[in-house]
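Visitor: Here's the letter readout for the chains.
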Amino acid sequence: MSYNPFTLEGKTILITGASSGIGRATAIECSKLGAHVVITGRNAERLQETYDQLEGDGHMQVIADLTDAESLEQLVAEMPQIDGLINNAGIGYTKPITFIKQSDLDAMFAANTYAPVLLTKLLTKKKKINKGGSIVFTSSIAALVENMGNSVYSMTKAAIMSFAKSCALEFSEKGIRVNSVHPGMVETKLIHDGAISEDDMQKDMLNYPLKRYGKPEEIAWSIIYLLSDASAWVTGTQSVIDGGMHLK
Amino acid sequence: MELNEFVAHFAEQFEETDASVFTPETVFHELDEYSSLLALSIIAMIDDEYDVAIKGNDMRAAVTIEDLYNIVKSKM
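The listed protein sequences derive, respectively, from chains Z and G. For what it's worth, the working numbering labels the leading residue of the first sequence as 1, then goes sequentially. For what it's worth, the working numbering labels the leading residue of the second sequence as 1, then goes sequentially.
I should point out that these hints are in silico values taken from the structure, not numbers from a laboratory. Nothing here was measured: the structure is a model prediction, and the numbers come from that model. You may find that some hints are simply not true.
[Unchecked claim] When the alpha-carbon atoms are kept at most 27 Å apart in a straight line, the in silico DSSO-like pairs for lysine-lysine are as follows:
| hint | chain 1 | residue 1 | chain 2 | residue 2 |
| --- | --- | --- | --- | --- |
| 1 | G | K73 | Z | K101 |
| 2 | Z | K203 | Z | K215 |
| 3 | Z | K174 | Z | K125 |
| 4 | Z | K101 | G | K75 |
| 5 | G | K55 | Z | K101 |
| 6 | Z | K215 | G | K55 |
| 7 | G | K55 | Z | K203 |
| 8 | G | K55 | Z | K211 |
[What the hints assert, rightly or not] Pulled from the structure, derived: some chain G residues nowhere near chain Z, Cβ distances all over 10 Å:
| hint | residue |
| --- | --- |
| 9 | A8 |
| 10 | T17 |
| 11 | D18 |
| 12 | F22 |
| 13 | P24 |
| 14 | V27 |
| 15 | D32 |
| 16 | T64 |
| 17 | I71 |
| 18 | M76 |
The beta carbon of each residue, even a glycine, is placed where N, CA and C say it ideally should be.
With these hints in hand, go ahead and build the complete structure from the sequences.
Guide: In structure tokens form, the structure reads like this:
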């Protein structure tokens with residue numbers, strides 16, 4: 001039986017931050033559902049590891065630092081026409097408010113907010129996203145729920161959630177849908193950068209109604225729904241995937 | 001880096017606990033005011049003052065303030 005409303009067959013999808021975590025899992029899952037994927041990341045070795053796990057053919061990898069204007073322009077110039085864009089690349093930061101520095105704010109907003117905003121702008125301005133296409137932003141549950149030491153990360157992710165809604169409105173005229181996903185804690189390298197001890201993380205997991213952190217694939221599947229034609233009437237939404245943590 | 005200065009920086013992160021409580025031998029996990037936010041503040045203070053990045057697991061491993069001082073020293 002081949003009935004599958006969630007198929008990505010025939011779609012070309014760009015995934016940023018594909019060298020690890022949610023980005024890597026999403027790239028692999030997209031390829032399994034028939035998409036041609038273009039993956040980007042900063043680290044050549046880790047990007048290659050993702051590339052080696054892709055199924056099917058017609059995939060591309062581009063090493064790029066999206067916070068660098070030249071690198072960003074280069075990526076856009078190399079891009080084929082695409083049907084899906086996953087703005088996923090991001091960095092973590094855990095510091096109490098009294099320790100925030102201007103340089104930390106600059107680096108966090110550059111990576112988590114400005115880079116995805118500018119990539120989206122360039123791709124749409126150059127009409128690289130096909131009509132009927134879908135854009136997904138990886139925001140975070142942190143955009144909706146506050147946590148100790150998480151103010152800066154939360155701000156960058158709330159900003160991108162807001163931008164996704166603006167895109168949904170403006171790009172509706174182009175027939176392009178835009179949504180954001182909001183993962184709770186997912187078992188990736190980015191988790192708190194080691195600032196939280198393993199013991200404390202074990203305790204933290206028990207705060208989740210489903211009693212565990214997420215797996216990268218569990219976020220990927222939500223993103224895939226938003227890329228597929230199954231969500232053709234869905235735009236401007238925030239998809240929370242957090243084991244029920246927002247209920248607390 | 002000097003031990004007494006480290007203890008003083010450590011003590012500065014607390015609001016309620018009297019400064020006289022803090023010595024190299026203080027078992028800081030047992031202080032009433034100690035919390036996850038204070039642990040994050042101490043990690044951030046160590047980054048600011050000593051340019052050393054310690055992890056949550058280092059905070060957990062240290063029993064006394066001097067233990068933490070020694071961890072920081074070993075990473076300088």
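Visitor: All hints are to be evaluated individually against the structure, with a verdict given for each.
Guide: Here is how each hint holds up against the structure:
| no. | hint | in the structure |
| --- | --- | --- |
| 1 | G/K73 with Z/K101 | holds, 24 Å |
| 2 | Z/K203 with Z/K215 | holds, 18 Å |
| 3 | Z/K174 with Z/K125 | holds, 11 Å |
| 4 | Z/K101 with G/K75 | holds, 23 Å |
| 5 | G/K55 with Z/K101 | holds, 19 Å |
| 6 | Z/K215 with G/K55 | holds, 23 Å |
| 7 | G/K55 with Z/K203 | holds, 17 Å |
| 8 | G/K55 with Z/K211 | holds, 24 Å |
| 9 | A8 | holds, 17 Å |
| 10 | T17 | holds, 17 Å |
| 11 | D18 | holds, 20 Å |
| 12 | F22 | holds, 19 Å |
| 13 | P24 | holds, 22 Å |
| 14 | V27 | holds, 17 Å |
| 15 | D32 | holds, 17 Å |
| 16 | T64 | holds, 17 Å |
| 17 | I71 | holds, 13 Å |
| 18 | M76 | holds, 18 Å |
In summary, the structure agrees with every hint in the numbered list given earlier.
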